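**Student:** Fit chains B and C to the given chain A structure using the hints.
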Amino acid sequence: MKVKRVPAGAAAFLARRLARLLVAVLVVVTISFAMVHLTPGDPIRTALGPTAPEELVAARRAALGLDQPLLTQYAAYIRGLLTGDLGHSFVNGQSVAEVVATRLPGTVQLAALSLGLVLLLAVPTGLLVAVLTRDGRRRGLELGYTAVTSFFHAIPEYLLAVGLVFLFAVTWPVFPVAGITGPSSYVLPVLSLAIVPLAVLTRIARAESLRALGADYVRTARGKRLSPRLIYFRHVLPNTLTAVLTLGGTMVTGLIVSSVLVEKVFNWPGLGSVIVQSIELQDYGLVQGITLVYAVVVLVANLIVDVLLGLLDRRTTLREEAA
Amino acid sequence: MSNRSRRAALTGPLGVASLILVAAFVVLAVVAPPLWGERADLVDPGAMNQGPGPGHPLGTDNLGRDILARALVATRLSLAMALVATLAGAVAGTALGVLPTAFGPRVRRWFAAVIDVWLAFPVLLLAMFVAIMLGTGTTASVIALALTMVPSFARLAQTLSASVGGSEYLAAAKVLGIPRHRQLLRYVLPNIAEPLILNTTISVGGGLLALSSLSFLGIGVKAPDYDWGRMLGEGLSAIYTTPTAALAPAVMIVLAGVAFSMLGETLAKAVRGDAGSTAPRRAVRERPAPLAAEERDDDVLLDVAGLRVTFPGGVTPVREVTFRVRPGEIVGIVGESGSGKSVTALAVAGLLPASAAVHADRLTFDGHDLRGRTEAELRGLLGTRLGFVPQDPMTSLNPALRVGRQLAEVVEHHSGTPRASAWRLAVERLAGVRIADPERRAAQFPHEYSGGMRQRALIAMAQMERPKLIIADEPTTALDVTVQRHVLRLIAEASREHGTAAIVVSHDIALLAGLCTRLLVMYSGRIVEEIDVAALPRAAHPYTRALLGALPDLDTDRSLPLTTIPGRPPTPAEFGAGCAFAPRCGLAAPECEDDDPPLLTLDGGRRLACPRAHKETVHGNA
Amino acid sequence: MGTLEIRGLTVRYGRGRSAVTVLHGIDLDVPDGGVLGLVGESGSGKSTVARAVAGLVRPAAGSIRLDGVEVRGAADRRVQMVFQDPYASLNPRMAVGESIEEVLAVHTPLARRDRAAEAARLLDLVRLPAQVAGRHPGDLSGGMRQRVAIARALAARPEMLVADEITSALDASVQAAVLNLLRDIRRELGLSMLFISHNLAVVRYVSDDVAVLNLGRVVETGPADALVGSPRHPYTRELVDAVPRLPAPGDHLAG
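Protein chains in written order, with our numbering: chain A, 1 to 323; chain B, 324 to 945; chain C, 946 to 1200.
Chain A extracted, bound-state conformation (with noise of 0.2 Å):
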């Protein structure tokens, strides 16, 4: 089969990944809008409380715009969002966007900060312990290895947040336990974050180079009589990269999400403390907002790590183009 050299391929490919994005933003949009609108009961009335008088609920529904009609409210709700703004705090009328401005980073930096320490170290660590335990070699470190990272595996990140917390900061107060203090105060949080998915992908890493290592490619090497490093770094290395980071890539989702968790137990001043605050609340405004930047945040990482896969591996773009 002889498939043409690809700018257009590319760029088609490209082209339909950002129209899905755009779907998937628009549903979205449209579930967050209905999210408030449809949910039984008055959502001010709720916000507000039922001591409120009824004029207060009236005028707040009126600021908010929520007494027009559907549709009209629609169409404000996407030319607002088109124009940056996000709604507004059903209790108090703050601005969604300028709670979602002092919030992100906060957010950003704790899942950047493990992101990194995940990539950094998985797939290294994953093809050390493949090629020392290849062929059935060091048997006690393959049970080891596989142990502690099945356990890590099966732990949620906010119970080890706990456990962190537990053992760090009450048992022997290492590190400090709430909100940021100093760099001290991004160990425990990031660590709780990255501890799960590097287990995981340490796993993965070894099961594709051990399944690389035993491919009929390196066999090939190995009759070509290369050096060990030339064959680990060359040949067996470039091909777990692919399948390694499409499932990095799946994690981002879930890091931005364990982090509302982890945020939660560490009280870190993030969009997800203020997610779970508004969601006790009841405040529908600001959870409508910031779960709308939520969503398109981990849509846009989804993208981005598609679009990253797709330049890396020529090969799996080319082959969807042919499906």
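No wet-lab data here; the hints were simulated from the structure.
Computed from a prediction, not measured in an experiment: that's the story for all the values here.
Heads up, some of the hints might be wrong.
To be verified - Straight-line C-alpha distance at most 20 Å; calculated SDA-like pairs for lysine to any residue:
1. B/K545 <-> A/R222
2. B/K497 <-> C/A1050
3. B/K545 <-> A/T46
4. B/K791 <-> B/S660
5. B/K791 <-> B/P906
6. B/K791 <-> A/R222
7. B/K791 <-> B/R694
8. B/K545 <-> A/V276
9. B/K791 <-> B/F646
10. B/K497 <-> C/R1066
11. B/K497 <-> C/R996
12. B/K791 <-> B/T805
13. B/K497 <-> C/H1052
14. B/K497 <-> C/R1017
15. B/K497 <-> B/N514
16. B/K497 <-> C/E1015
17. B/K791 <-> B/P650
18. B/K497 <-> C/P1004
19. B/K545 <-> A/Q282
20. B/K497 <-> C/A1187
21. B/K497 <-> C/V1051
22. B/K497 <-> C/R1102
23. B/K497 <-> C/Q1029
24. B/K497 <-> C/R1038
25. B/K497 <-> C/L1001
26. B/K497 <-> C/T1053
27. B/K497 <-> C/G1018
28. B/K497 <-> C/E1133
**Tutor:** Frame of chain A, contents of chains B and C only:
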């Protein structure tokens, strides 16, 4: 996938542990609420936030309630929510995944796109949406979790039914006129049920974790109900005073999560049947005896004697193989699957996995004893002298590297050739195997090559250093007949033009007859006959003769049946004391079952491992 | 009766701009009780012919008639097919006997208890002992599975058997046994057969007539020995030349 290994997976320590754990949790879910429910709800203002002590093994919470009792009682709600949500998600997802197969491709693609977008939504966000729309609470979080499970089950069901839908057994059922409902019940469902059930088991664990995280955030279970997640959320604030309030539910969550995922994994392993992998024995590296001087022979390039390969578990696929290859000569090794022909070739090339033990009385190549060498020594010795051509061209080139690069690295590595000239040499070698437009082709990746071109590139690769010997393992099996001929010609040319010797392994005796000067016929790990190709019509061993008669060629008499061999070859585990071919042999006599006949040298370098056939040839010639 | 008449058979895969035509209006004839061999390399479209005749692929144009009656899709009892890979074409979850009896239930008026006897007879026809009925495909060797697949196809009492590369997954000695079996069955049952393979020597041995397929077109048809003995089309000649030959007694090998 034997039943024995299935049982081994389930009765292994992990399997037993997970089964016991899951059973314990189920029992707890049933008996805990009636036994300790009252005690768990008992508020004791006099004993708030107490540490572990008498009466309260794990202490009390902020209302003075017993933590242990609460953690045990919460099992029922925690497990029930996870089970209900998972089952609902699995059923809905499976339906969503399987249904579209009944419609046209357009509907299928549309469904796939919906599932795609759905999958992109993280669990927690979706749960938040639902929790807000339905109000937070137990039902809402169960529905939310079920909704997040739908797309992954749908994707799995989709993939599975697509693979069953494309399977030949379903195609066969259609042609045989099996009614549609039977196709679904007997062909599709049984073949997709297993992975779906496994995924459900694993998902219960994950669902438990997700649900407890919702309750932990305060958007799941609401007071007065409680599950482990809510206990954990409330206990967290008291972690400095009563850590057990957070740790007890945390331990329960982890244990339950681990138990279900582990059970799923063990079941999966049992289904795959890969539980009881035997520990491989390390290859025994024996110090070889020095070679006697008279055994050195300048006219012999490769000298193999008493070659024996043992795989982990004591299986011996190659036994006492002895042969020589002279410079520039092409020798064929022919045999059927399981004859040990490929293992022999790989053993000589030093390319068997490390778990295989290779023993030889003599293994000399180009004057060097190859026995007992380290990997590094072998690399130095063989790197420039021995080329290897693998069996499957589709998988034997590195998909991530340009073809030219893969050729060039050979001379870069072994001869220290600079990059640029190594690339030029690679282009030259590609041209040498008649790849058109070699400059452009060298810069391409393997997936841009056809199968035949890949095999040529691999032959060019084996010749980068102009080796003295090429070992080719079934080099044309995966290729079309017309392409096959061109590839074989390349090996013949290397021999003619550069004096390269070759060992070519194949199951096709006619193909080897057209290429080689000499054939080694292998059966059950031994050479049973060695014969010049020109003498093939007078082959003596009953197996060689049967092999020749079984293969129709363009002159075969169509009015006569082909020669067949009754029975089947023994597996390496079944090798006995006698001649391995005796049970299928027309010439066999009782004594054949007792002793494995030795490979005797006849005149003209011919060798034969059958005394009865030997007698016949002697008589025939006389 | 079993006269197969293929006229103008055209098959396309895919739709719109990405559609690929794999068969370009081919004509083929299998006389009643005759064997037509179809030979071609990968990408020639030979398996597509098999699947079209068996009704697994819907032709874009053309007709496939058996005794003058159009073949009605996959459910047409009169055409049965044996697949290339016996490891894939049998349902791994059904015992051999069950697989055969299931077909008998659909296509014959036999009562339940008579089906087991008939299954045993069919197994005997493909030279398998009756005990095989209780085994699952996973317990059988490749050659045995291919015999089971043949027996199962025969259970539908077809008039036309399509054999698509049925020996290419088998060792030489096993292949010989399956080829001999096909010869015997043909003689005993008078079946018509479309025998498809990449191996010209095998096709010649089994078939009365041979058709050569190249890139979706029939380039040459003729009686087996005539076609192999004096090929006219250059592609046929190339195929004939590519078949490895064993040295005949007294041959002197050049080079």
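**Student:** Give me the numbers of the hints this structure contradicts, sorted from smallest to largest.
**Tutor:** When the structure is compared with the hints, numbers 1, 4, 5, 10, 12, 20 and 28 turn out to be violated.
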